[in-house]
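K.L.:
Got chain D sorted already, so can you dock chain Y onto it with the hints?
There are 2 protein chains.
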Amino acid sequence: MTNEQRREPEALGPFRERMRTIKQYEELLGVVYWDMRTGAPRKGIEQRSEAVGALSSELFRIASSEEMGELLQKLEEPDTYAELGEIDRRLVEETRKEYDRNRKIPPQLHREYVVLTSQAESAWELAKANDDFPGFSSYLERIVGYNRQFIELWGAKGTPYDTLLDLFEPGMSTAELDRLFGELKSRLVPLAEAIARDGDRPDTTFLQGTFDVAAQKKFSLYILGQMGYDFEAGRLDESVHPFATGLSPGDVRITTRYLPHDLTSALFGTIHEGGHALYEQNIGAELAGTPLCAGTSMGIHESQSRLWENMVGRGRAFWNRYFPELGKTFPGRLDGVTAEAFYRGINVVEPSLIRIEADELTYNLHIMIRYEIERMLFNEALPVRDLPEVWNAKYREALGVTPANNAEGVLQDVHWSGGSFGYFPSYSLGNMYAAQMMNTAKTKLPKLEEQIEAGDLLPLKQWLTEEVYRFGKLLQPSEIIERVSGEALQSRYLADYLEGKYREIYRLK
Amino acid sequence: MTNEQRREPEALGPFRERMRTIKQYEELLGVVYWDMRTGAPRKGIEQRSEAVGALSSELFRIASSEEMGELLQKLEEPDTYAELGEIDRRLVEETRKEYDRNRKIPPQLHREYVVLTSQAESAWELAKANDDFPGFSSYLERIVGYNRQFIELWGAKGTPYDTLLDLFEPGMSTAELDRLFGELKSRLVPLAEAIARDGDRPDTTFLQGTFDVAAQKKFSLYILGQMGYDFEAGRLDESVHPFATGLSPGDVRITTRYLPHDLTSALFGTIHEGGHALYEQNIGAELAGTPLCAGTSMGIHESQSRLWENMVGRGRAFWNRYFPELGKTFPGRLDGVTAEAFYRGINVVEPSLIRIEADELTYNLHIMIRYEIERMLFNEALPVRDLPEVWNAKYREALGVTPANNAEGVLQDVHWSGGSFGYFPSYSLGNMYAAQMMNTAKTKLPKLEEQIEAGDLLPLKQWLTEEVYRFGKLLQPSEIIERVSGEALQSRYLADYLEGKYREIYRLK
Chain D
1 MTNEQRREPE ALGPFRERMR TIKQYEELLG VVYWDMRTGA PRKGIEQRSE AVGALSSELF
61 RIASSEEMGE LLQKLEEPDT YAELGEIDRR LVEETRKEYD RNRKIPPQLH REYVVLTSQA
121 ESAWELAKAN DDFPGFSSYL ERIVGYNRQF IELWGAKGTP YDTLLDLFEP GMSTAELDRL
181 FGELKSRLVP LAEAIARDGD RPDTTFLQGT FDVAAQKKFS LYILGQMGYD FEAGRLDESV
241 HPFATGLSPG DVRITTRYLP HDLTSALFGT IHEGGHALYE QNIGAELAGT PLCAGTSMGI
301 HESQSRLWEN MVGRGRAFWN RYFPELGKTF PGRLDGVTAE AFYRGINVVE PSLIRIEADE
361 LTYNLHIMIR YEIERMLFNE ALPVRDLPEV WNAKYREALG VTPANNAEGV LQDVHWSGGS
421 FGYFPSYSLG NMYAAQMMNT AKTKLPKLEE QIEAGDLLPL KQWLTEEVYR FGKLLQPSEI
481 IERVSGEALQ SRYLADYLEG KYREIYRLK
Chain Y
1 MTNEQRREPE ALGPFRERMR TIKQYEELLG VVYWDMRTGA PRKGIEQRSE AVGALSSELF
61 RIASSEEMGE LLQKLEEPDT YAELGEIDRR LVEETRKEYD RNRKIPPQLH REYVVLTSQA
121 ESAWELAKAN DDFPGFSSYL ERIVGYNRQF IELWGAKGTP YDTLLDLFEP GMSTAELDRL
181 FGELKSRLVP LAEAIARDGD RPDTTFLQGT FDVAAQKKFS LYILGQMGYD FEAGRLDESV
241 HPFATGLSPG DVRITTRYLP HDLTSALFGT IHEGGHALYE QNIGAELAGT PLCAGTSMGI
301 HESQSRLWEN MVGRGRAFWN RYFPELGKTF PGRLDGVTAE AFYRGINVVE PSLIRIEADE
361 LTYNLHIMIR YEIERMLFNE ALPVRDLPEV WNAKYREALG VTPANNAEGV LQDVHWSGGS
421 FGYFPSYSLG NMYAAQMMNT AKTKLPKLEE QIEAGDLLPL KQWLTEEVYR FGKLLQPSEI
481 IERVSGEALQ SRYLADYLEG KYREIYRLK
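Sequence order for the protein chains is D and Y. For the first sequence, the positions run 1 to 509 when this note's numbering is used. For the second sequence, the positions run 1 to 509 when this note's numbering is used.
Looking at chain D on its own, in the form it has when it is part of the complex:
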């Protein structure tokens, strides 16, 4: 008798090879998308969009081919599946979900859609620059139309909009969001009202005027370094709408936007994208080159950008440490301002028109407006042409402000130009995940505040790597939050955190 070698299931090799190819093509497309958003010449965009469409189609073809279906079927046979390791099992599960989703969309429809959304982003940029909603709405109508078709082809889960939610936050539903957002609203609206009525508004005059753009850039780079962002595995560029893109753990790029009259925009934008980047740079090496080498959901991804931007970057401990550095970076510019005054000033609460410039508290109201509009578009057949009117009415109602034009209203965000419906809720989900994670972090890292105050941000980064980052897509969002905190996602940690922070800043009884 000889030692019998355990043989790998026959379908595993070809399956893994396809996984690798898919990830490789996604990486190449990622570089091209990054390029299109950071400085690709205007006149090349149309042809580039078609090339992107062609490779995306090939990717789609591989992921939804008969052969892929056969490989999945073989690997899902109980005896075979039982032999698979954890990573291969998750790959099979994820690929099956994607496969079923893809097989229901005719390739021609998919191809048209990719070309359309790729062109629509440029159209949106132009429309926003010229306050020209009609210039963009014909694209948007077609994009919504395609999505309605996709929902029908996929089969609605619960409500049609649930099907879109599941694309970004697996397992999330309209019913669940109604509950979480309902609870949150019932605590945040009174809080915002109390602030407006009785709050002691922090001084913000020192944030007015100009801040040298070169110095802003220098400070952004400095803070990224402090967070543990690896510049040999990434770079910081500029774009109209800041973003992070993880091409591989060795190449995670972020962008920001420097405004001469606004110190905080680039500063907190950079920390925000830096949080996304820390996640992608620190996914476990065993997942490299597979489709599991990515954030597990938009909500968990956003939890990391918001944890770093708001809970760390807009915290008192952080500015006790970094305010002197900031002062040195803008000589003479912040003389006479204390770290405490700066901390209060950057946490001013103010109903505003632009989501990405909103404060940490009212931001959630911006999200709820978009959530409600998207729900209306897909569950109640709201026509695209009515969007400006609906948008403006909701802003008046929830925030008491009215956009002067569509550029600062319905055209402000890029998301819909890419067909990302169901994505916006991720931002507030991220806030809730982040607050719940930080609640645990304070128990697990009892010296966290002191560490931040000493400029030692790496223990937190290391803890998050251990608890969240390294798993990539290996764990589902619900598994991540339960693993970290011992319970499912709750709204109360965010509400508690915001109440504690803002009652203190605004000196409410």
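These are computed hints drawn from the structure, not numbers from a lab. Among the hints, erroneous ones may be present.
It does not matter which identical chain is used: a pair holds within one copy or between any two.
Stated by the list, open to error - In silico SDA-like links for lysine to any residue, alpha-carbon gap of 20 angstroms or less: (1) Lys43 <-> Ala285; (2) Lys43 <-> Leu29; (3) Lys217 <-> Gly39; (4) Lys501 <-> Gly199; (5) Lys501 <-> Asp131; (6) Lys43 <-> Glu286; (7) Lys43 <-> Gly53; (8) Lys43 <-> Glu232; (9) Lys97 <-> Asp131; (10) Lys157 <-> Gly53; (11) Lys43 <-> Arg235; (12) Lys218 <-> Glu86; (13) Lys43 <-> Ala288; (14) Lys104 <-> Gly155; (15) Lys43 <-> Gly289; (16) Lys43 <-> Leu221; (17) Lys43 <-> Asp230; (18) Lys442 <-> Glu466; (19) Lys43 <-> Gly225; (20) Lys442 <-> Glu453; (21) Lys97 <-> Leu59; (22) Lys43 <-> Glu372; (23) Lys157 <-> Arg101; (24) Lys97 <-> Phe168.
P.N.:
Positioned in the frame of chain D, the structure of chain Y alone reads:
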């Protein structure tokens, strides 16, 4: 009876679709290569290279597939071929050539060769750094060996070296090059000797010292704009080795390298790459998205970089117009220098060891040396171990200089480590094409000198677009030069031009 529509050959649709896909994948790979050379993070390079390899393999698979062979065969049937338009015919011809070339190399041999050349580049870098020819020669021997095998598999045209020449300059032969280079040498060597012996050497002291890099960049951008380079269809970046890359006519990017101690390096480098870019930006719209949308040969491409760099950019008329601008760009730096002195200073002739630093005249002698050595390697079985000796002897003979070591001798260029034999002649072919084209241009545009002197470079660009650029690969190099000048390529236009220019600058009788 109904009007009968002329039906397209059945194979034409699928053939064109494959052509489009090939071009699209090449475009995407082009963006990724550009990115790798201009700033991609170091830690992502290894995985990126594998992704590039994956898509390149897919491209190769499409181009050399059985289906491609069948489509070509169908389209080449005389009745079918007769029905094809000019563009489709050229596409069939070009694709057939590429297809046969690919199919004749066994895949295993191709793989071995790719591995060898990628190792050889590192070996060359090391050997050059350590002046260690034996450390590189074993690689070079094998690379030459593979190329000899490829020539046999492809079938030698005329002489074995002709087969390699055809890769870069379709239709060019060793016999033709012997004639052209022989004629050229018989006039340029005496000219260089006369300059060294009797010439009045221009003053170049004002080119010493430092030139502000930001100002260099500003002036480079200014001159590109003057040349008619379209910044909405391109961009200027920095890289260690300057290059131009045409991704599509709407996106032709160039790079340069700014040296604080060398004004002319970035300046003429930019104009050189700008010449390549003008070609690619102005290929006719009817060729867009096909493999014919590219320069027709290395020689014709190089003719455009050299025409703009040397015949325009190192011309007296050009600096009569732009020297005052240059002076303003570097305040105080060029005070007391006249346009005429500047013109003479940037045209100094000096026998040297390093090709890429050579002047416009002796550059051709560097090329002839490499040509003669390559011819000996493939047509006369020159052993690789004899290269240093042959190299040094030829430098002594043609340029009167002797390399102190192999690092500044036979090891100076990267080309052979990548197996690019037959490429070097393109550089001098480019000079000859350019001189012949300019000779015609002066007849067709009788006010050319005055236009350049008035800063109106667009009539020349427009004429070149009409005569050269718009045709892309639709015409062969020989067709281009005959169309422009009414005759085949001649050496005398270059020799006449260089004699006229340098006898005058050096005040020779």
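K.L.:
What label fits Lys501 with Asp131 when the C-alpha limit is 20 angstroms: within, between, both, or neither?
P.N.:
neither (37 angstroms within a copy, 57 angstroms between copies)
K.L.:
Between the shortest in-copy and the shortest cross-copy C-alpha distance, which are at most 20 angstroms for Lys43 and Arg235: within, between, both, or neither?
P.N.:
between (25 angstroms within a copy, 11 angstroms between copies)
K.L.:
Since the copies are identical, ignore which copy is meant and state whether Lys218 and Glu86 lie within 20 angstroms (CA to CA) inside a copy, between copies, both or neither.
P.N.:
Classified as neither: same-chain Cα gap 43 angstroms, cross-chain 56 angstroms, threshold 20 angstroms.
K.L.:
Indicate which option fits the pair Lys97, Asp131 if close means a Cα-Cα distance not exceeding 20 angstroms: within, between, both or neither.
P.N.:
neither (40 angstroms within a copy, 52 angstroms between copies)
K.L.:
Classify it for me, Lys97 with Leu59: is the Cα-Cα distance of at most 20 angstroms met within a copy, between copies, both or neither?
P.N.:
Intra 16 angstroms, inter 29 angstroms, cutoff 20 angstroms: intra-copy only.
K.L.:
Measure nothing new, just compare the shortest in-copy and cross-copy C-alpha distances for Lys104 and Gly155 to 20 angstroms and report within, between, both or neither.
P.N.:
This pair counts as within: shortest intra-copy Cα distance 9 angstroms, inter-copy 51 angstroms.
K.L.:
As a check of your reading, is Lys43 near Leu29 (CA-CA no more than 20 angstroms) within one copy, between copies, both or neither?
P.N.:
For Lys43 and Leu29, the Cα distance is within 20 angstroms both inside one copy (19 angstroms) and across copies (18 angstroms).
K.L.:
Could you figure out if Lys442 and Glu453 sit no more than 20 angstroms apart (CA to CA) within one copy, between two copies, both or neither?
P.N.:
within (14 angstroms within a copy, 73 angstroms between copies)
K.L.:
Between copies, within a copy, both or neither: which fits Lys43 and Ala285 at Cα up to 20 angstroms?
P.N.:
between (39 angstroms within a copy, 13 angstroms between copies)
K.L.:
Between copies, within a copy, both or neither: which fits Lys501 and Gly199 at Cα up to 20 angstroms?
P.N.:
Cα proximity of Lys501 and Gly199: one copy only (13 angstroms, versus 81 angstroms across).
K.L.:
For Lys97 vs Phe168, is the C-alpha pair at or below 20 angstroms within one copy, between two copies, both, or neither?
P.N.:
within (13 angstroms within a copy, 48 angstroms between copies)
K.L.:
At 20 angstroms max between alpha carbons, let me know whether Lys43 reaches Gly225 within a copy, between copies, both or neither.
P.N.:
So Lys43 and Gly225 pass the 20 angstroms test across copies only (16 angstroms; inside, 36 angstroms).
Checked against the numbered hints above, the structure breaks hints 5, 9, 10, 12 and 22 and satisfies the rest.
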